[in-house]
Amino acid sequence: MTDLNKLTLGQALEGIKTKKFTPRELVTDCLDQIKQLEPKLNAFVTVLGEEALAKTEKIDFSKPLAGIPVAVKDNFCTEGRRTTASSKLLDSYIAQYSSTFTRRLEEAGAIIIGKTNMDAWAHGSSTETSDYGPSRNPWNTDHLPGGSSGGSAVAVAADECTVAVGSETAGSIRQPAAWSGVVGFKPTYGRCSRYGTIAMKSSTDSPGPLAKTVDDAALILSIVSGNDPQDATCIDEGPWHMPDRLDSLRKIRIGIPLAYFPKEIQPAVRQAVMAAVEKFGQLGAEIVELTDVLDPKYSIAVYTILQRSEVSSNLSRFDGVRYGHDRSYFGQEAKRRILLGTYSLSAGYYDAYYLRAQKVRTLICQDFDRQFEKVDVIVGPTSPCTALPLGASEGQAMFGELQDMLLEPSSIAGLPGISLPCGFDDGGLPIGLQIVASQKREDLVYQVAKSFEDNTDYHLQRPKI
Amino acid sequence: MKKTSVQITAKDFDHIVNLARLTITPKDRSIAGQLAQAVQYVEVLDELDTSAVEPTFQVNHKKNIFRDDVVEISLSQDLALSQAPKKHNGYFVTAATIKK
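Those protein sequences? They're chains D and F, same order as listed.
Taking this note's numbering as reference, the numbering of the first sequence is continuous, increasing by one, and the terminal residue is 756.
Taking this note's numbering as reference, the numbering of the second sequence is continuous, increasing by one, and the terminal residue is 120.
Worth double-checking, as some hints may not be accurate.
[Said to hold, decoys possible] Dumping the calculated DSSO-like pairs for lysine-lysine here, alpha-carbon to alpha-carbon at most 27 Å: (1) F:Lys47 <-> D:Lys379; (2) F:Lys106 <-> F:Lys120; (3) F:Lys47 <-> D:Lys626; (4) D:Lys554 <-> D:Lys570; (5) D:Lys349 <-> D:Lys297; (6) D:Lys731 <-> F:Lys83; (7) F:Lys107 <-> D:Lys379; (8) F:Lys31 <-> D:Lys626; (9) D:Lys626 <-> F:Lys106; (10) F:Lys82 <-> D:Lys731; (11) D:Lys354 <-> D:Lys310; (12) F:Lys82 <-> D:Lys650; (13) D:Lys379 <-> F:Lys106; (14) D:Lys354 <-> D:Lys297; (15) D:Lys650 <-> F:Lys83.
[Unchecked claim] Residues from chain D shown here face chain F by an in silico Cβ test under 7 Å; the list is partial: (16) Gly481; (17) Lys588; (18) Ala592; (19) Thr595; (20) Ile596; (21) Ile629; (22) Tyr634.
Think of the hints as simulated: they come from the structure by calculation, not from any bench.
Quick reminder that beta carbons are idealized off the backbone N, C-alpha and C, glycines included.
Start from the sequences, fold in the hints, and give me the full structure.
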């Protein structure tokens, strides 16, 4: 067989189980694809080719992810392997331990084939702030893949891996998934351990999978989720279990927040998402217009303050004493964020900015509680537009905040959500549909997403690179 | 949205640069203006009445998680020091903070 790299996780597992091919053949095809496409796409900071091939010689076939090639965002510590967060400050850093998320993947038999590019320190929504150059969108290489988990989204979309790992603070899994035409599943805050991921905004950081199908993403989530004593903010539950798929959405109430369709939204995006809503109606769901959802502009402001504040605290550990270079190696985006955070936390401003933002966060959580009395899930566009051209983020201090305006509210409230492909614009760039549920209701997110995917073929289309 | 003009003076800017222990290049000074813009943007929060609202610092409502006070397995000294640019006799070497 050839082109094994194009298989979904489900197909790859089946092929290995039935001995149609070996993990070595699968890993080899992914590495060949990386070799061929990396000059165009720049999805990886580090490729672990030899190491990955060596691991295919020692496979325990009883494990649930035996021999599966996984691409990991470069802000997950991977023991004995370079981990840069796409910042030159950590250019030569070799992680001394593994994150819980990647440790669980490797313990389940997965093989890490490389570390993917991202906005440096996960500060951005374009992958353009990486110190290793931008990644490019496989659907049109003059366009951005989104971010910050842009490299992981590209690696999945371009079949450079079977499945990938990302992390989201406010959109960083779902937005690149939307722009790159793949599935991105952001779990409830605390569902997956943050231990060993380079901290950005600790109160919303949520690691999660990017994959070719809803089932693939859900399977990964079921393996890596669950309480971890190393992360005190983890939910006190064992691993999440994938629920049965639904034959019909008859008992599901789907909320459409009018505030998620701002006037700036790209017409093709509005059209594709409204067509998806119609599809949900055909599948039996009750569609409920939500007319009183809190304006996302407040979430942008809350996120801006809290993210900068937590960044200024989290990045204070990078002093060049224990690891990495000194603070002169921070790029301008990191400096900008550290400085705004330092300002909002400094004497005389704490009450006006940080404390006020935490209070508005309460209002955002309460607003979702009210909406979820009326509906089971909320559906809307993942991003107000399709992938923007390279250079779009440069010099835009609020670029990420505006791109992620429809994702920040659910991130701030710690809710689970998914983005999956729901169409293409005139230029052939993918459009993402987001589905959000209340805390710990990944089951509903999965069921509604799976139902949509089963009845559409957007996820089957691949970019021609 | 309230349209107040936020000023971050050069003195304010230098103060927060110092608090954040950053080095700033002449090009980075443009950040001062961007800070003022961002601060102005977030003033949209003034539109909401938060006088009777409690803050949410943590979304899954967990607090004060303790573990037993026992020694656990941790990084060996060699491994902990392995990434340090400067070390001496099994210690990290830091910049001097007290003048001789």
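Okay, the hints, checked on the actual structure:
1. F:Lys47 <-> D:Lys379: holds (19 Å)
2. F:Lys106 <-> F:Lys120: holds (20 Å)
3. F:Lys47 <-> D:Lys626: Roughly 12 Å between the alpha carbons, so the hint for Lys47 (chain F) and Lys626 (chain D) holds.
4. D:Lys554 <-> D:Lys570: Holds, at roughly 23 Å.
5. D:Lys349 <-> D:Lys297: Holds, at about 23 Å.
6. D:Lys731 <-> F:Lys83: holds (18 Å)
7. F:Lys107 <-> D:Lys379: Holds, at roughly 21 Å.
8. F:Lys31 <-> D:Lys626: holds (17 Å)
9. D:Lys626 <-> F:Lys106: holds (25 Å)
10. F:Lys82 <-> D:Lys731: holds (15 Å)
11. D:Lys354 <-> D:Lys310: holds (15 Å)
12. F:Lys82 <-> D:Lys650: Holds - the C-alpha atoms of Lys650 (chain D) and Lys82 (chain F) are around 17 Å apart, at most 27 Å.
13. D:Lys379 <-> F:Lys106: holds (18 Å)
14. D:Lys354 <-> D:Lys297: Holds, at roughly 22 Å.
15. D:Lys650 <-> F:Lys83: Status holds; Cα separation ~17 Å.
16. Gly481: holds (5 Å)
17. Lys588: Status holds, d = 6 Å.
18. Ala592: Holds, about 4 Å.
19. Thr595: Cβ of Thr595 (chain D) sits 6 Å from chain F, so the hint holds.
20. Ile596: This interface hint holds because 6 Å falls under the 7 Å limit.
21. Ile629: Status holds, d = 5 Å.
22. Tyr634: holds (5 Å)
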